[in-house]
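All chains should be modelled from the sequences, with the hints used to inform the complete structure.
There are 2 protein chains.
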Amino acid sequence: MKELNYIRVVLIEPTHPGNIGATARAMANMGASNLVLVNPLSFPSPIANARAAGADDILSNAKVCVSLDDALSDCRLVIGTTARDRSIQWPVLEPREAMGQAFSASQASPVAICFGRESRGMTNDELERCQSLVRIPVEESFSSLNLGSAVMVLLYELRRHALGSDGVQPEQSDEQRANSEAMRQFYEHLFSVLERIEFSDGRSTKLHRKLTRLFNRAEPYEQELNMLRGILTAIERKSITKK
Amino acid sequence: MKELNYIRVVLIEPTHPGNIGATARAMANMGASNLVLVNPLSFPSPIANARAAGADDILSNAKVCVSLDDALSDCRLVIGTTARDRSIQWPVLEPREAMGQAFSASQASPVAICFGRESRGMTNDELERCQSLVRIPVEESFSSLNLGSAVMVLLYELRRHALGSDGVQPEQSDEQRANSEAMRQFYEHLFSVLERIEFSDGRSTKLHRKLTRLFNRAEPYEQELNMLRGILTAIERKSITKK
Chain A
1 MKELNYIRVV LIEPTHPGNI GATARAMANM GASNLVLVNP LSFPSPIANA RAAGADDILS
61 NAKVCVSLDD ALSDCRLVIG TTARDRSIQW PVLEPREAMG QAFSASQASP VAICFGRESR
121 GMTNDELERC QSLVRIPVEE SFSSLNLGSA VMVLLYELRR HALGSDGVQP EQSDEQRANS
181 EAMRQFYEHL FSVLERIEFS DGRSTKLHRK LTRLFNRAEP YEQELNMLRG ILTAIERKSI
241 TKK
Chain B
1 MKELNYIRVV LIEPTHPGNI GATARAMANM GASNLVLVNP LSFPSPIANA RAAGADDILS
61 NAKVCVSLDD ALSDCRLVIG TTARDRSIQW PVLEPREAMG QAFSASQASP VAICFGRESR
121 GMTNDELERC QSLVRIPVEE SFSSLNLGSA VMVLLYELRR HALGSDGVQP EQSDEQRANS
181 EAMRQFYEHL FSVLERIEFS DGRSTKLHRK LTRLFNRAEP YEQELNMLRG ILTAIERKSI
241 TKK
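Line by line, the protein sequences are chains A and B.
Heads up: the first sequence is residues 1 to 243, going by my numbering.
Heads up: the second sequence is residues 1 to 243, going by my numbering.
One should not assume that every hint holds.
Unchecked claim - Part of the chain A face toward chain B, derived, beta carbon under 7 Å:
| hint | residue |
| --- | --- |
| 1 | Asn29 |
| 2 | Asp57 |
| 3 | Arg217 |
Unchecked claim - Label pairs and their calculated CB-CB ranges:
| hint | chain 1 | residue 1 | chain 2 | residue 2 | range |
| --- | --- | --- | --- | --- | --- |
| 4 | B | Val92 | A | Met1 | 13 to 23 Å |
| 5 | B | Thr205 | A | Lys63 | 23 to 33 Å |
| 6 | A | Gln107 | B | Arg213 | 19 to 29 Å |
| 7 | B | Ser60 | A | His208 | 49 to 59 Å |
Stated by the list, open to error - 30 Å max Cα-Cα, derived BS3-like pairs, lysine-lysine:
| hint | chain 1 | residue 1 | chain 2 | residue 2 |
| --- | --- | --- | --- | --- |
| 8 | B | Lys63 | A | Lys206 |
| 9 | B | Lys238 | B | Lys206 |
| 10 | A | Lys206 | B | Lys206 |
| 11 | A | Lys238 | B | Lys206 |
| 12 | B | Lys238 | B | Lys210 |
| 13 | B | Lys210 | A | Lys210 |
| 14 | B | Lys206 | A | Lys210 |
| 15 | A | Lys210 | A | Lys238 |
| 16 | A | Lys2 | A | Lys63 |
| 17 | B | Lys210 | A | Lys206 |
| 18 | B | Lys63 | A | Lys210 |
| 19 | B | Lys63 | B | Lys2 |
| 20 | A | Lys2 | B | Lys210 |
| 21 | B | Lys210 | A | Lys238 |
| 22 | A | Lys238 | B | Lys238 |
| 23 | A | Lys206 | A | Lys238 |
Hints are computed from structural coordinates only; laboratory data are not their basis.
Virtual Cβ for every residue (Gly too), placed ideally from N, Cα, C.
Written as structure tokens, this is what we have:
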């Protein structure tokens, strides 16, 4: 699907060609097409083609790189995958949020989603190349995900964002999720109204965080945000005219 | 995880033992444990164990049945999977909604999620045994999902519901989603406030539907709903005292 044209799936040193094929199949299912392989142990491989189950185009168009730097050179956003919470500074996102970020950024320029080796994932050096990390929530006692399955879960979330988060085409073709700048303006408006009606004192960071968490979860469409802004304006008007 | 104790993964006539193993692995990743196989072509199988990557308990505890009826006998809810929109009467849900239904029902009694044969899915007779159907949104031109990947996507959504829809444990252990009665009271309060501030005339069903759609999508926690109710009360107070 054209909405995922700028999405690049990067497998770092995959060992099993079957996993490369499974990745290509998952990509074809979900509408992504750009596969990049960094130092694959065995590629091309008939095992990869067998597991691709018809997604041969993706395999034959796959780009093979000798370093991760090559794979990422023109990417605006690089997302890394990790099986565990890391001690490093940046946050580990859950798949839905991370793929929302990936989808938004990919509307303008290339975005890479990187998957590490089957045996030991991504190295710390590789993770430091990433702006965001994503972790699929698994049982701690059984956290080893199949590589193809991990690709599938993330691309499924990405596709949901491309279709609208209900997983279906939006009701109207011109309906779009509000972007982060529109959300920022909405929150500014909301917090100022809460202060005006004396619900908050303007320094209520905990309240602000709770409201942000709630409305971010709803991922409002532009039209919905306009409706909410209209309600805020009506509240303001009321508390002025009745003074 | 105990929240998924009543979830049963049912594979109908799986042909490839590797897919049985991949299913067991995905179940172990996502915290489900009850696997039922209806007439598997080859089981037990060392190929299944190899692909299970350590989830041998699930394989050795798997129940083998000779008919789908046996597999479903004590289930309260049966969900079927389909690769395409069906012409039959009942609706085809997207994964998040279907797994929400499955998760809720499974808190009280067994719920089966059924997956068809690799070659041709579930028969119409088998689909008629289901109360709900679910379809993973795939590209129409490449709709053939790997069986293990389909299991993974649905169990991932199920686990998200078990963890709370952010895919992480809620901040506080006593945090619960607001129930439908609490939501109904919130909407009543919200609509009455919109009328009071003259944003709506009380008969704005389209506006009400839009707001319902937005807040339902956020699936508020009880505490969040209390916060919103508090804001509504503050607006009411403001528009009374300033009269």
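Tell me, in ascending order, the numbers of any earlier hints that this structure violates. Hints 2, 5, 8, 10, 18 contradicted; others consistent.
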